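Participant: Let's have the full structure, built from the sequences with the hints guiding it.
Protein chains in written order, with our numbering: chain A, 1 to 342; chain B, 1 to 342.
The set of hints was computed from the structure by calculation and includes no laboratory data. As the structure is a computational prediction, the values presented were derived from the model and not from experiment. Treat the hints with care, since some could be wrong.
Note: identical chains are not told apart, hence a pair may lie in one copy or across any two.
Straight-line distance between alpha carbons at most 16 Å, and here's what the computed EDC-like set of lysine to aspartate or glutamate pairs gives [as the list claims (entries may be wrong)]:
1. LYS207 x ASP173
2. LYS240 x ASP70
3. LYS129 x GLU164
4. LYS326 x GLU180
5. LYS297 x ASP120
6. LYS207 x GLU284
7. LYS325 x GLU132
8. LYS209 x ASP120
Protein chains: 2
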Amino acid sequence: MKLLNIDGMIVTNEANINYIVGVKAEGTFLLTDKDNVFITDARYIEEVNNTITIDDEINVMDVANMPENDYLTFFANCNRVGIEENSITYSKYQKYIRLFRIKEAVETNNLIEKQRMLKDNEEINNIKKACEITDNCFSHLLKFIKTGMTEKQIALEIYKFFMENGADGLAFDTIVTSGENTSKPHAMPTDRTIKNGDAIVIDFGAKYKGYSSDMTRTIFVGNVENEIKELYNFILACQKRATSKIKDNADGKDIAESLEKEFNCRHYSLMHALGHGVGLDVHEMPILSYRTSYILKENMVVTNEPGIYIPGKVGIRIEDTILVKKLESETLTKSDKNLIII
Amino acid sequence: MKLLNIDGMIVTNEANINYIVGVKAEGTFLLTDKDNVFITDARYIEEVNNTITIDDEINVMDVANMPENDYLTFFANCNRVGIEENSITYSKYQKYIRLFRIKEAVETNNLIEKQRMLKDNEEINNIKKACEITDNCFSHLLKFIKTGMTEKQIALEIYKFFMENGADGLAFDTIVTSGENTSKPHAMPTDRTIKNGDAIVIDFGAKYKGYSSDMTRTIFVGNVENEIKELYNFILACQKRATSKIKDNADGKDIAESLEKEFNCRHYSLMHALGHGVGLDVHEMPILSYRTSYILKENMVVTNEPGIYIPGKVGIRIEDTILVKKLESETLTKSDKNLIII
Numbered sequence: 001m002k003l004l005n006i007d008g009m010i011v012t013n014e015a016n017i018n019y020i021v022g023v024k025a026e027g028t029f030l031l032t033d034k035d036n037v038f039i040t041d042a043r044y045i046e047e048v049n050n051t052i053t054i055d056d057e058i059n060v061m062d063v064a065n066m067p068e069n070d071y072l073t074f075f076a077n078c079n080r081v082g083i084e085e086n087s088i089t090y091s092k093y094q095k096y097i098r099l100f101r102i103k104e105a106v107e108t109n110n111l112i113e114k115q116r117m118l119k120d121n122e123e124i125n126n127i128k129k130a131c132e133i134t135d136n137c138f139s140h141l142l143k144f145i146k147t148g149m150t151e152k153q154i155a156l157e158i159y160k161f162f163m164e165n166g167a168d169g170l171a172f173d174t175i176v177t178s179g180e181n182t183s184k185p186h187a188m189p190t191d192r193t194i195k196n197g198d199a200i201v202i203d204f205g206a207k208y209k210g211y212s213s214d215m216t217r218t219i220f221v222g223n224v225e226n227e228i229k230e231l232y233n234f235i236l237a238c239q240k241r242a243t244s245k246i247k248d249n250a251d252g253k254d255i256a257e258s259l260e261k262e263f264n265c266r267h268y269s270l271m272h273a274l275g276h277g278v279g280l281d282v283h284e285m286p287i288l289s290y291r292t293s294y295i296l297k298e299n300m301v302v303t304n305e306p307g308i309y310i311p312g313k314v315g316i317r318i319e320d321t322i323l324v325k326k327l328e329s330e331t332l333t334k335s336d337k338n339l340i341i342i
Numbered sequence: 001m002k003l004l005n006i007d008g009m010i011v012t013n014e015a016n017i018n019y020i021v022g023v024k025a026e027g028t029f030l031l032t033d034k035d036n037v038f039i040t041d042a043r044y045i046e047e048v049n050n051t052i053t054i055d056d057e058i059n060v061m062d063v064a065n066m067p068e069n070d071y072l073t074f075f076a077n078c079n080r081v082g083i084e085e086n087s088i089t090y091s092k093y094q095k096y097i098r099l100f101r102i103k104e105a106v107e108t109n110n111l112i113e114k115q116r117m118l119k120d121n122e123e124i125n126n127i128k129k130a131c132e133i134t135d136n137c138f139s140h141l142l143k144f145i146k147t148g149m150t151e152k153q154i155a156l157e158i159y160k161f162f163m164e165n166g167a168d169g170l171a172f173d174t175i176v177t178s179g180e181n182t183s184k185p186h187a188m189p190t191d192r193t194i195k196n197g198d199a200i201v202i203d204f205g206a207k208y209k210g211y212s213s214d215m216t217r218t219i220f221v222g223n224v225e226n227e228i229k230e231l232y233n234f235i236l237a238c239q240k241r242a243t244s245k246i247k248d249n250a251d252g253k254d255i256a257e258s259l260e261k262e263f264n265c266r267h268y269s270l271m272h273a274l275g276h277g278v279g280l281d282v283h284e285m286p287i288l289s290y291r292t293s294y295i296l297k298e299n300m301v302v303t304n305e306p307g308i309y310i311p312g313k314v315g316i317r318i319e320d321t322i323l324v325k326k327l328e329s330e331t332l333t334k335s336d337k338n339l340i341i342i
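Facilitator: Quick look at the structure:
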């Protein structure tokens, strides 16, 4: 806050609030040098009060009972108040400026998101546990998946496994695509049944104590054409080379660029970012992309997920969740990446 | 658009885009009198192109390949361009104003959300189907739930039932609270096990072809104290009276106010809104609350969900999804509301 020369801040990003308050609850968090207030509504107040401690020094207010005067006084001594321009809606921005009589609103350029990039031990352990549940689920799926099943049945089994094995839930909507559907990187599971000769892309992750894992494996049913096998092994080699470059002080842009060059040699191209940060949100800062520079730092957790998609034919993506370390990264999702035929 | 005197619009609300394009995909929809463009990214383009037809007159663009000049020309002949102030973030608002060289940005005050309030036959049928799956799931739960099970296990069974019985998925994160947890209206399922004498609040809904259902039932295990039984029957009577008032031209505010008066007579108060619209979003316009006036119209679909919460003791909520009709509303969730002891 000193760097931005602000003396107060309005926090509206839900994951940032979760990070500060320790509860996933709708509301707005206000802070100044003197005071911290979390304005929420009646649905969450009991839970929030059960979670925060006296040391947190957070006052919890019900938005329905908030005295008009509290709005007027809260930022009264602040000259510059930070806002989260990437989460606050235009209407809320205007409302808050008016309600709090804010003299000068200052964009904070992902101030808290940047802090969240660097994980402490407890956060890393939660992500490790989420990755472990995901790995165990993948082992289970290799025995579970049979021809005749639908993509939806596989997605349901993943949810079931997570819930029965200690996860809070899904980190994101599970992607299970098969056959010709695999070329759509973000399609939802359908009633298409698994057939011999199919590729299956499974992109899934668990939540554990609020923290996410994110892993993709592409497996094959019965048999695989030589051409596809060769493509798979090419992507796998690219993914491994990218992983070996993920370490403290590396630039995500350089890593994505060199992978893009490898893809270009074969007339393919990265269709989406190479990776992203993982934490309370499954997609958070930094981004690993040839469009933007991000210097990786020890204790960041990022994905590495190159994929090639040939419409109407096949899509292959291989993704791990990776802990950035000083000399060598640590891959937290440990499931086998060699070509698997079930 | 004529009423607002705008000649172009930038649509950023995800459900509004789903309503117009027919696909759930991230992106921005632009329209003028002459042109419709959906700017999305590579993850969604194949699916969007498979869904829209030539009659939709929608150009689909990949944000990564969008020529600079397209931004400059799109709204070039527009004087006033509508924005969705309740969904666009402050940073996107600024970016779009700059990129498109917008002369005057106009708040559109939920223009599309208001259209979405009135459902056509296809939409109503989808919601009816979502409600039917939810009712069938409740019948199943009455046989399924046993003491010793956890709240999480019940929530998992709901998801499983939905997925195995034709739903696309959950309309929202299922709420299953039991015993003392029932007093938290919005708590997530925990590992608490169901005990004899517990109340269980189950608030759940399915998605069917993108449309939602929303129902809450409070049931009891083994036995129920007379005091709680009496409270349940009081809430049920209030809920039924409110339902009888839900019809064309009724004001949601009046309905909520008269229920609040009934609650006040017993020294209780409505802790959250009495109800909300249901459709592509599970929470959409209108709101039934004593804070705001909304005139109900034929073919709106709304919930009616009064609840009383006594911290540390018990919470009871009874909720239906209701189709507003000319003379009498039609309750679409048909599960038994009489006090059930399992």
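Participant: Each hint: holds or not?
Facilitator: Verification of the hints:
1. LYS207 x ASP173: Both ways: LYS207 and ASP173 sit 11 Å apart in one copy and 14 Å across, limit 16 Å.
2. LYS240 x ASP70: Neither: 55 Å inside a chain and 39 Å across chains, both beyond 16 Å.
3. LYS129 x GLU164: within (14 Å within a copy, 29 Å between copies)
4. LYS326 x GLU180: neither (41 Å within a copy, 47 Å between copies)
5. LYS297 x ASP120: within (13 Å within a copy, 53 Å between copies)
6. LYS207 x GLU284: within (15 Å within a copy, 27 Å between copies)
7. LYS325 x GLU132: neither (19 Å within a copy, 52 Å between copies)
8. LYS209 x ASP120: Classified as within: same-chain Cα gap 14 Å, cross-chain 42 Å, threshold 16 Å.
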